[in-house]
Amino acid sequence: MADEFMKGFGLFSVAALVWMISASWYRTPSFESTRQLVAAPPEEPGTVFDTLGIFLGDLMFWTALLGAFTFWVIIPATRQAREALVVDE
Amino acid sequence: MSDDNQPDARTDGGTGIVPPDDETPTWSERKKRRAGLPRLTYEYFERARREDQDLREQSTYVERDVLGFPTWPHELIRNLALTSFFVGMLLLLSATLPPHIGNPANPSSTPAIILPDWYLYWSFGLLKLGDLNPAISLLNGQKLMADRTYGVLANVVIVGAIAIVPFLNKGSARRPVEQPFWAAIGMGGVTFAFTMSMLSIQNIMPMNVSLLFDLTFLAPIVVGAITYAVLKTMREGYMYDLNRRYYRLRPPK
Numbered sequence: 079m080a081d082e083f084m085k086g087f088g089l090f091s092v093a094a095l096v097w098m099i100s101a102s103w104y105r106t107p108s109f110e111s112t113r114q115l116v117a118a119p120p121e122e123p124g125t126v127f128d129t130l131g132i133f134l135g136d137l138m139f140w141t142a143l144l145g146a147f148t149f150w151v152i153i154p155a156t157r158q159a160r161e162a163l164v165v166d167e
Numbered sequence: 133m134s135d136d137n138q139p140d141a142r143t144d145g146g147t148g149i150v151p152p153d154d155e156t157p158t159w160s161e162r163k164k165r166r167a168g169l170p171r172l173t174y175e176y177f178e179r180a181r182r183e184d185q186d187l188r189e190q191s192t193y194v195e196r197d198v199l200g201f202p203t204w205p206h207e208l209i210r211n212l213a214l215t216s217f218f219v220g221m222l223l224l225l226s227a228t229l230p231p232h233i234g235n236p237a238n239p240s241s242t243p244a245i246i247l248p249d250w251y252l253y254w255s256f257g258l259l260k261l262g263d264l265n266p267a268i269s270l271l272n273g274q275k276l277m278a279d280r281t282y283g284v285l286a287n288v289v290i291v292g293a294i295a296i297v298p299f300l301n302k303g304s305a306r307r308p309v310e311q312p313f314w315a316a317i318g319m320g321g322v323t324f325a326f327t328m329s330m331l332s333i334q335n336i337m338p339m340n341v342s343l344l345f346d347l348t349f350l351a352p353i354v355v356g357a358i359t360y361a362v363l364k365t366m367r368e369g370y371m372y373d374l375n376r377r378y379y380r381l382r383p384p385k
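Protein chains in written order, with the numbering used here: chain A, 79 to 167; chain B, 133 to 385.
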């Protein structure tokens, strides 16, 4: 159970770090504004690298959320459910 | 002192971790540790204790009451790992994040928003508590003191409360789980410092100011209550004797 926590935490922190880097490039119009990291990305990405960067940011955002949710909620809940369903001998 | 050969000696509910004889939990303790967070806490600390026991048995060093490790390799390897992590994080962020160093400040013009350094935001936020300054009906709705005086007084109260804490609690706990109440007070205080800092920059916070004002005082209470509940639950699986053995000091023979 503790290992599952660490897996989820590792996924969350690493993916969130990559997301922050991507969002600081593509989702931050200005570092003076109050909408940093959360603004909409540019409609027309200049190059294919910008497209890749925006996609990577979105990918990492959902990896952070779903990864943590999987290891902290889904897998433990599945185990609990399985233990509850199996009849004790 | 029971014999280790007997199969009945597994007293921990089947984790494969066998506590030593003098720390074998009683039946009531075991029942409390059967599920959830107490069980997790118990397994965690029992695993740490068992690893320590194995290390001591394998070790060629002289057994001591105070656990000490040689500087090389133990301490230095750990410090190198931590240093490498932070240097690597600095390099990564400075190489990948886009913010540049801005223009130097113009000394001849006053900026629109004046703020202290970030670590003083909490004190700056306490100066903005004018909404809490009561208007007294006996004085025809006037306030007893000006809002700015009230803010300075709030700083005195907060600093005074922090200064009193060491006299109320001597800090004998080694881990938060040993004193859930004081840990909850601490977490509430940290949260209050954070929310107060957010209140102090209410001009540039992207949220409703009155909601922010309410959250400033409600969030610390919520965080403190959650901390207390979690630690109180964890304490059922916690081994107090563990720390006593680690940190007991005795003069060398």
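These are computed hints drawn from the structure, not numbers from a lab. Wrong hints could be hidden among the right ones.
What the hints assert, rightly or not - These stretches of chain A come out as covered by chain B in the derived footprint (C-beta under 8 Å, 3 or more residues):
id : region
1  : 99-106
2  : 139-152
Said to hold, decoys possible - Quick look at which bits of chain B chain A covers, simulated, 3 or more residues with Cβ under 8 Å:
id : region
3  : 228-240
4  : 336-345
Glycine is no exception: its CB is placed at the ideal position from the N, C-alpha and C atoms.
Hints versus structure:
no., hint, verdict
1, 99-106, "holds (count 4)"
2, 139-152, "violated (count 0)"
3, 228-240, "holds (count 4)"
4, 336-345, "holds (count 3)"
Hint 2 from the list above is the single one not met by this structure.
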